[in-house]
Amino acid sequence: MNFYPEFEVVRNDSRCIRCRVCERQCANEVHWFDEDGKVMLSDESKCVNCQRCVTLCPTRALKIVKSDCRLRENANYSDQTIKEIYRQAETGGVLLSSMGNPNPLPVYWDKILINASQVTNPPIDPLREPMETRVFLGKKPDHITRNADGSLDTKLAPQLSLSMPVMFSAMSYGSISYNAHASLARAATALGIYYNTGEGGLHEDFYQYGKNTIVQVASGRFGVHKDYLEAGAAIEIKMGQGAKPGIGGHLPGTKAVGDVSKTRMIPEGSDAISPAPHHDIYSIEDLRQLVYSLKEATEYRLPVIVKVAAVHNIAAIASGIARSGADIIAIDGFRGGTGAAPTRIRDNVGIPIELALAAVDKRLRDEGIRNNVSIICGGSVRSAADVVKAIALGADACYIATAACLAMGCHLCRSCHTGKCNWGIATQRPDLVKRLNPDIGSQRLINLMDAWRHEIKELMGGMGINSIEALRGNRLMLRGVGLTEKELEILGISHAGE
Amino acid sequence: MIPLEGQVRIPSGCAVSAMISRDGRRMNGESIIKSMVPMHDRSNGLGGGFAAYGIYPEYKEFYALHIFFNNKSAQAECMTLLKEYFEIVQDEHIKVRKIPQITDEPIIRRVFVSPMQSVLRHLQIDEKELVVRVVNQINADPTGSYVFSCGKNMGAFKAVGFPEDVGRYYRLEEYEAYSWTAHGRYPTNTPGWWGGAHPFCMLDYSIVHNGEISSYDANRRFIEMYGYKCTLQTDTEVITYIADYLLRRQGLTLDEMAAVIAAPFWSTIEGKPEADKEKYTYLRTVFPSLLVTGPFSIILGFDGGLMALNDRLKLRSMVVGEQDDMVYIASEEAAIRVMAPDIRNIWSPAGGEPVIVRVKEGAF
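Protein chains in written order, with the numbering used here: chain A, 752 to 1249; chain B, 1014 to 1377.
I should point out that these hints are in silico values taken from the structure, not numbers from a laboratory.
Do not rely on the hints blindly, as some may be mistaken.
Said to hold, decoys possible - Covered by chain B, per the in silico footprint, the following chain A stretches (three or more residues, Cβ under 8 Å):
(1) 864-875
(2) 902-910
(3) 1076-1082
(4) 1111-1123
(5) 1206-1219
(6) 1224-1232
Here a beta-carbon is modelled for each residue, glycine too, at the ideal position from N, C-alpha and C.
All chains, full assembly: derive it from the sequences and hints.
What follows is the structure in structure tokens.
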């Protein structure tokens, strides 16, 4: 069924100089030059509104606008709902989407406000006083022990040391490009934080960044071998992902080319579909065995992270993980991004990270095992303010991926699954990949994190806090606005004015 | 209605003062009371108190519980509970002097107790742990009974009022201690509740504190994992529990505790010799949630000594003076000069630098 396109390409012909940059830049082949009429034309049905042409047009002759030609308005059956039904009636297929859930569901970060000091306690000026953001992730001992001479025995379970409580979350080589991985690896190294391989293995060129790399072991076991496990600073077992709880990863065969297939250890061009469960983990005691297998394989040198999607029973699940030998739990909320996920799952499964995080932190404290594990919070952490709120709710650190992609140039057109990313990030086409220069990409990631670190310090200083440790779990520094009693109870915060 | 203490978090400014004889000489409360007079404006009449060490030599084997009861029925109920766990050695009124400045007093009792060995064996805990548990149980609902002091050979005395009046009210000139601490409170909102005054005590640890810590909820939520209940929502309460947890339960030294709650900055740690670097890094890594930020000056009293500590940015004033066997600590130099008019050696310790004073071995 044919529809009027979702977007319109508006070209100001008096400004257009026929340079044809839009044509060359559009992997979706929206623009072309009509030799007869000497004009630029466009097929808007192919446009995904990635803004590449708009950004590169030297005369600002282009804009992409939302089409106002819509089906008859209906508050129940939206334009999109109806068109999805048509598409499925045509193809019989599962709808695919990319990036995080775009629907207008509650964003609790935006309903939480941060405190500041007035009179009774001084705000601290980060320009004039030390302000600390260093964090250690890993298991903390219940009791100190002493050597024979009475000095402290300072041996600890392996810890990750972060210069600031933010890391780059898992994005596989395959779902994103070589240059995107290079940018993340270099930035993480320069920043003293970590990036995460995702489940696509680790390209041999990036072993040099191992000190700042978290290597992931997911249900497909793609790219997992001894050298890989030993290459990183930590191992993450991916049990689930916020964007698609309950199912495995999916790399379209079009992206499994060249080094990607080699790194994943799969045939070129084959779809890499990881199973929904790990087939060696059907229960919590099985998880414990995998945790210890990985620890054995790496001689207990590396902390093990277990990443789970935020689902209804997350507090009990986290409590189980905290007793499974894992050093760190990563919780991924339902607004987290993805390179490809079934639309229905992305938009309807899982719970908001804010509530999941608050529930997990509380449960682990109620059970007295919060010290057994560190908590990483991911799934749409968009700014320094979100980071501060997450830490105050109880996270040790945050994972960011969408924000990192944006820093590298992503315009959130949500078309990663097509493999035609015009920004060189979510693609394996060499002509597109080379558009992302890792020198620039890594610098922009570093800039973003520097900016956030400044903002985190500023917000902490306002609260009279000069070290991130004193913010962690400090829920008194948060107030809710426009939240119900129940929501406040779960978040463990008071309402503004209380 | 104004919420009661414990139903709302109440920040307060304050005055602190302390004196200790390193020779273990016992001195009555006159001097420490007078030291609070020049700092009158640092309090607002909503709380004052003192802790005294070495005051019950004849009962030094027993835990001295100082308890506020709201009424006779609360008292009866509390005593019944105590008898389940302890032998009651002595149960008496704490003598007071009626003065117009101090009113609305609760029933104030002093009960010397000895833990029953059968209970300790049954619960498989030591006697200190038993005292902590029972006191926490009683204080979990502070509207009926409130144990405000539970150490051996020491005691706290506190009330709603200015500290100098509180001292006279409790007739502190009749007590002899080798170490005294004092506190005047300036809470920003409270109806005034006797239990909310400082010092705050747990076993033989007593804390007087001046400041408003910004790490409060991070500290509270951590320490509550280990069986402590922060019913009063005050900084002092949580700092006392932290001290008990680190010193008694984890077995840290005072210096090590100071390196947890007023941890050196990472940049400072980097510059230390290797062994120190390892130690400080370890302590910050293991106890990050017990770092206390925001302004504070605290004086921790314990059996046989004192420790004074400022926050690591020194956002609150605190001075220390030394003369012969005496060490004085106060929010203001003026207070020290009242206690020791001829004192010459007065200094201001750096932020995060603990001042630890111990009484000579065997002196008391």
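Evaluated hints:
Beta-carbon proximity to chain B at under 8 Å applies to 5 residues in the segment 864-875 of chain A; the threshold of 3 is reached and the given coverage holds. With 5 residues bearing a CB less than 8 Å from a CB of chain B, the segment 902-910 of chain A meets the requirement of three and the coverage assertion stands. For the segment 1076-1082 of chain A, the proposed coverage by chain B is not satisfied: 0 residues have a C-beta within less than 8 Å of a C-beta in that chain, short of the threshold of three. Residues of the segment 1111-1123 of chain A lying with their CB closer than 8 Å to a CB of chain B number 4, which satisfies the three-residue condition for coverage.
For a cut-off of 8 Å, the count of residues in the segment 1206-1219 of chain A with a CB near a CB of chain B stands at 5, and the three-residue condition holds. Coverage of the segment 1224-1232 of chain A by chain B holds. Counting CB-CB distances below 8 Å, 5 residues qualify, and the rule asks for three or more.
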